[in-house]
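Q: Could you put the whole structure together from the sequences, leaning on the hints where they help?
Going down the list, the sequences are from chains A and B. Numbers 1 to 163, taken from the working numbering, label the letters of the first sequence in order. Numbers 164 to 365, taken from the working numbering, label the letters of the second sequence in order.
Check before you lean on any hint, since a few could be wrong.
[To be verified] Listed next, with one range per pair, are the computed distances between beta-carbon atoms: (1) A/GLU87 - B/PRO249: 27 to 35 angstroms; (2) B/ALA219 - A/GLU58: 51 to 59 angstroms; (3) B/ALA217 - A/THR22: 41 to 49 angstroms; (4) B/ALA213 - A/ARG98: 42 to 50 angstroms; (5) B/PRO239 - A/THR33: 48 to 56 angstroms; (6) A/GLU99 - B/ALA229: 43 to 51 angstroms; (7) B/ALA340 - A/MET12: 37 to 45 angstroms; (8) A/LEU15 - B/ALA191: 23 to 31 angstroms; (9) A/GLY56 - B/ILE250: 47 to 55 angstroms; (10) B/ALA217 - A/ARG91: 34 to 42 angstroms; (11) B/ALA195 - A/ARG98: 44 to 52 angstroms; (12) A/LEU15 - B/ALA234: 52 to 60 angstroms; (13) B/ARG184 - A/LEU46: 33 to 41 angstroms.
[Claimed, not checked] Some chain B residues flagged as far from chain A (calculated, every beta-carbon gap over 12 angstroms): (14) PHE175; (15) GLU183; (16) ARG184; (17) ALA191; (18) LEU192; (19) GLY220; (20) THR230; (21) GLY274; (22) GLU276; (23) ARG313; (24) ARG332; (25) GLU345; (26) ARG348; (27) SER352.
Just so you know, the hints here were simulated from the structure itself, not pulled from any lab data. For glycine and all other residues, C-beta sits at the position ideal for the given N, C-alpha and C.
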Amino acid sequence: MSDALAECLSRMERLIEALEETRDTPARTLARTLLDSCLDLHGLALARVLTIASSGAEGGRLLAAFAADDYVSAALLLHGLHPEEPEARLRRAIAGLRETWGASIDLLDVSHAVARVSLRLPDEGADRATARREIERTLTEAAPDLDSIIIEDRAPAAPSLAE
Amino acid sequence: MTIGWVSRIRRFVADDGRAERCELCGAALDAAHRHVMEPHSRRILCACEACIRASAGGPLRVIVPATLALADFTLPDDLWDSLQIPIDLAFLLESGEERRPLAIYPSPAGGIESVLSEDAWSALAAANPILFDMTPDVEALLVDRRGAGRYFRVSIDRCYALIGLVRARWEGLSGGARLWDEVERFFASLSEAPEQGLFVHG
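A: Take a look at the structure:
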């Protein structure tokens with residue numbers, strides 16, 4: 001067994017012992033639930049990895065199939081191992097959003113884990129608030145590894161104030 | 164799904180409970196420390212005094228925590244309506260070298276930026292010359308039109324404290340009573356001495 005793996009396993013063992021012995025029951029329950037969720041995430045992803053890997057795809061196609069799967073993608077994102085940069089994921093999501101909402105939406109830039117997006121919704125049609133929420137949700141799902149996605153809403157021209 | 168679940172887990176894991184660190188040089192920081200803003204990303208960074216001194220004249224903007232209630236501020240309804248801000252709580256400020264007027268308002272998904280028309284901003288500043296004194300990027304006008312109308316000149320850290328509060332506590336369709344109680348406490352804290360309010364975290 002490699003040193004790094006042995007060290008990781010013994011650290012987990014020590015921490016589990018410490019949690020079993022702690023008198024702080026709520027903290028132990030929280031730690032157990034968190035670990036359980038974490039195991040779920042990796043378990044679901046690994047199951048999908050095995051299924052996808054047994055499909056016979058190789059090389060770049062295999063990697064693309066991994067990236068396209070929600071579960072595998074989530075695990076890769078969590079570890080900073082996703083083959084696509086946040087910028088590429090956002091661009092793809094934005095292309096889809098343009099079609100769905102008829103919105104003028106552009107990625108301005110991505111830097112220091114912050115993306116800036118400009119948005120101009122059509123004047124009529126779907127409820128603006130709903131559209132905004134859906135657009136935010138889609139962008140966040142596409143790049144959950146960013147600290148923040150700033151959406152600059154370019155409202156239609158304001159009516160004259162001189163009336 | 165909240166903004167950046169991956170980012171959130173990574174931060175939780177990285178927070179080992181030790182003293183906070185300067186995000187520019189890594190030096191350990193006192194609990195009460197100052198902050199700078201990186202104007203391009205609008206990120207607020209914890210900074211040590213040495214880095215704050217060294218960044219004078221550079222792109223980073225030093226945030227001076229401050230709040231000032233503006234008793235005589237006037238914002239007519241038609242002007243407010245023309246800004247098209249969907250909720251009665253927002254920050255207005257000028258951004259960047261070009262002093263682009265901007266509104267930022269809290270939402271369950273975090274701060275939402277909305278570009279303001281130059282005309283609307285000019286009309287507002289003409290009626291309220293104090294807006295000319297505000298430093299772009301790091302100072303904002305806090306507008307609360309839920310009741311009779313309250314206006315404050317605040318440093319940008321306050322904006323992000325309120326935005327963080329709304330994002331963290333929002334429940335259901337309208338936010339929930341607990342959230343709005345917390346928002347009231349936030350407004351009460353604005354009247355406290357600014358020196359005590361180095362809050363930006365959370």
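Q: Confirm or reject each hint.
A: Taking the hints in turn, this is what the structure says about them:
1. Distance hint check: the CB atoms of A/GLU87 and B/PRO249 are about 29 angstroms apart, consistent with the given range 27 to 35 angstroms.
2. Separated by about 56 angstroms at the C-beta atoms, B/ALA219 and A/GLU58 satisfy the suggested range of 51 to 59 angstroms.
3. Hint check: B/ALA217 to A/THR22, Cβ distance near 44 angstroms, so the stated range 41 to 49 angstroms holds.
4. At roughly 47 angstroms, the beta carbons of B/ALA213 and A/ARG98 sit within the given window of 42 to 50 angstroms.
5. A beta carbon spacing of about 52 angstroms between B/PRO239 and A/THR33 agrees with the range 48 to 56 angstroms that was offered as a hint.
6. A beta carbon spacing of about 46 angstroms between A/GLU99 and B/ALA229 agrees with the range 43 to 51 angstroms that was offered as a hint.
7. Taking 37 to 45 angstroms as the suggested C-beta distance range, the pair B/ALA340 and A/MET12 conforms, at roughly 42 angstroms.
8. The hint said 23 to 31 angstroms for the Cβ distance between A/LEU15 and B/ALA191, and at roughly 26 angstroms that hint holds.
9. Between A/GLY56 and B/ILE250, the C-beta spacing of about 53 angstroms keeps the proposed range 47 to 55 angstroms intact.
10. Between B/ALA217 and A/ARG91 the beta carbon distance is about 37 angstroms. The supplied range of 34 to 42 angstroms therefore holds.
11. A hinted range of 44 to 52 angstroms for the beta carbons of B/ALA195 and A/ARG98 is consistent with their spacing of about 46 angstroms.
12. Checked against the given bound of 52 to 60 angstroms, the beta carbons of A/LEU15 and B/ALA234, roughly 56 angstroms apart, stay inside it.
13. Distance hint check: the CB atoms of B/ARG184 and A/LEU46 are about 35 angstroms apart, consistent with the given range 33 to 41 angstroms.
14. Not every CB of chain A lies more than 12 angstroms from the CB of B/PHE175, the least distance being 9 angstroms, so the non-interface label is violated.
15. For B/GLU183, the requirement that its beta carbon stay farther than 12 angstroms from each beta carbon of chain A is met, with the minimum near 17 angstroms.
16. At roughly 17 angstroms from the closest C-beta of chain A, the C-beta of B/ARG184 stays outside 12 angstroms, upholding its exclusion from the interface.
17. The claim that B/ALA191 is not at the interface with chain A holds, since no C-beta of that chain comes within 12 angstroms of its own (minimum 22 angstroms).
18. For B/LEU192, the shortest C-beta to C-beta distance to chain A comes to about 19 angstroms, beyond the 12 angstroms cut-off, and the non-interface label holds.
19. Every CB of chain A is more than 12 angstroms from the CB of B/GLY220 (nearest about 21 angstroms), matching its label as outside the interface.
20. Distance to chain A confirms B/THR230 as a non-interface residue, since its nearest Cβ pair spans about 24 angstroms, more than 12 angstroms.
21. Chain A draws B/GLY274 into its interface by the beta-carbon criterion, the shortest separation being 7 angstroms against a cut-off of 12 angstroms.
22. Here B/GLU276 does not stay apart from chain A, with its beta-carbon only about 5 angstroms from theirs, under the 12 angstroms limit.
23. Taking the minimum C-beta to C-beta distance to chain A, about 22 angstroms, the non-interface status of B/ARG313 holds against the 12 angstroms cut.
24. For B/ARG332, the requirement that its beta carbon stay farther than 12 angstroms from each beta carbon of chain A is met, with the minimum near 18 angstroms.
25. No beta-carbon of chain A is positioned within 12 angstroms of the beta-carbon of B/GLU345; the least distance is around 21 angstroms.
26. Residue placement check: B/ARG348 keeps its beta carbon more than 12 angstroms from all beta carbons of chain A (closest about 25 angstroms).
27. Residue-level check passed: B/SER352 sits 24 angstroms from the nearest beta carbon of chain A, beyond 12 angstroms.
Against the hints set out earlier in the document, violations occur for numbers 14, 21, 22.
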